[in-house]
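In terms of the working numbering, the sequence shown opens at residue 1 and continues consecutively.
These are calculated hints, taken from the structure and not from any lab test.
One or more hints might be untrue.
[Stated by the list, open to error] Taking lysine to aspartate or glutamate pairs in the EDC-like style, the calculated list, with each CA pair at most 20 Å apart, reads:
#: 1; residue 1: LYS371; residue 2: GLU133
#: 2; residue 1: LYS503; residue 2: GLU488
#: 3; residue 1: LYS508; residue 2: GLU349
#: 4; residue 1: LYS508; residue 2: ASP41
#: 5; residue 1: LYS302; residue 2: GLU349
#: 6; residue 1: LYS323; residue 2: GLU133
#: 7; residue 1: LYS504; residue 2: ASP492
#: 8; residue 1: LYS377; residue 2: ASP131
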Amino acid sequence: MRASIRKQTLVTFLFIASLLSFHVINNLLWLSFDNSYSGCDVLNHLTRQLRFYYGMQNVFSMPLPCIEKIQRIFWLFRFSDNVSWPPFTYLVASFFNNVFGMSPLVSIMTNILYLGILVVATYSIGRQMADIETGFLAAFFVSLYPAIYGLSRKFGLDLPLSALVAFSMQLFFINKSFHNRYICILLGIVMGCGTLIKIQYLIFVSVPFFYVSLPVFIRLYKSRKRKLNRVKTLYLNRGINVIICLGIAAVICGWWLLSNIGLILKSLFAHSSGNIETIDWQLRASLSGGRWLLFYVLTIIKNISPIFAVTFILSLMFLRKSKLKNKRLFLLWLIIPWIFFTFLPVKRERYLLAILPVFALISALGIARIKRSEIKKLLGVGLGFIGMLQLFVCSYGINDFNCMKTSMVHVPQKNNAEEITKYFFNDTALISGPIVRIIWDDKIVARDTVGLLEYYTALCFFPERLAYSECIDDFKAIQEPHFLIIPEELFDEGMVARYKLLKKALLKPGSVRFLLCQSVLKESG
């Protein structure tokens, strides 16, 4: 018996290690060809992580007492300029930056940690619901979904969120009655950290948590009423475990929630009313013609790919009358977030990524229920081959075969920002000039020469953004800068009279033409 358990453990370890090693190697290869850091909010998250990292470095380098340093770290962690993006992911990436060096590659590769959590959690749930083969299939499928491996190459919050939601659900499945206090402590830690990744975590986990915890208190009340002392003691201990779990989660994330409660409510109201200017185009696209009901149906098909969507539908039909372990808990994970985000006016296709393990698990359960082993193996191997083929097609654009691509995945892109930087800034007159104003998306960066050197550093770190608006310290009243860097489309007739063109260059891959201009008045003066 022990030998069999050891063999299963070894096989599981080798499978998961091989799967993650494949994604590590593939991601490193893909990132060696891509320096665009493109993707929704990727640059914003990298920017905030950079600022968080240097903030921590500054605190640790100060000659302050240990207590005061801890206090400053808490203040650094406590507040955010965007409550939709708590700082936990930035903290984890900063830890790896301290160990492996400060670079966007290191920050992005921390996604492997979350991918590993997601794969292990999906495997564990599959094994709990059926057997080890189902766990293997589910873990393999979820790692081959385009949205999952695509986001593993981009620094953001959606993959970490999906990983901790899956981890939480795994702990619900193995400790549904809250009988194990150690697992309850771990669940409390995971829930606290998950909330500090993205507050949407609560939407995925809250209802399943109450579903598994509420019966504990109901049975405690009934046993107390009937004076069943033995049963009362049993459920009293389990009720204490629930309270311990919630207490640990509250200690980890409660102070952040309380510090930002006003901004959180304001953001929730804005999303509920659809008052988000930056995605007004998507609101119109998703709500027009009643398509809002099908928005996430269509995006899920793209995010897991049509072939895996068909597999899920057939498996769902095959399993509709089957008796599965923890079936209701499983469905709550899927249905509650789907209803919530469907009726939320603000829609993004990545909002429902945390339910993708459900699709992998149902697909694996459907295949595992096939009685003929030959057909089962053929389907498993065939889907695995198609998934791997799809990964390489979507990632590298083999033969320009684009029909499988989603917005989460793109071929590697190179930019020429470093060449443009050198081309623009090798002019000694520019370097010695007192002020450079950089205009980008209607924002202005005003810097002296020292600040300009910091700008160069930031520019090299994030080469896609020629104008690095995040490094603004102070907006001083500057009437007429010596030099101007501006996209050609914003260079209007009024500027033509005041500035002469020095250089122009095309920034790739976005194909934005930038102009470097010198003030005519300053030159004459």
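Evaluation of the provided hints:
1. LYS371 x GLU133: Holds - the C-alpha atoms of GLU133 and LYS371 are around 14 Å apart, at most 20 Å.
2. LYS503 x GLU488: holds (11 Å)
3. LYS508 x GLU349: violated (26 Å)
4. LYS508 x ASP41: holds (18 Å)
5. LYS302 x GLU349: Roughly 9 Å separates the two Cα atoms, so the pair holds.
6. LYS323 x GLU133: Since the Cα atoms of LYS323 and GLU133 sit roughly 18 Å apart, the hinted pair holds (cutoff 20 Å).
7. LYS504 x ASP492: Satisfied, since the Cα-Cα distance of roughly 15 Å is no more than 20 Å.
8. LYS377 x ASP131: OK: LYS377 and ASP131 at ~15 Å, within 20 Å.
This entry does not satisfy hint 3, going by the numbered hints stated previously; all others are met.
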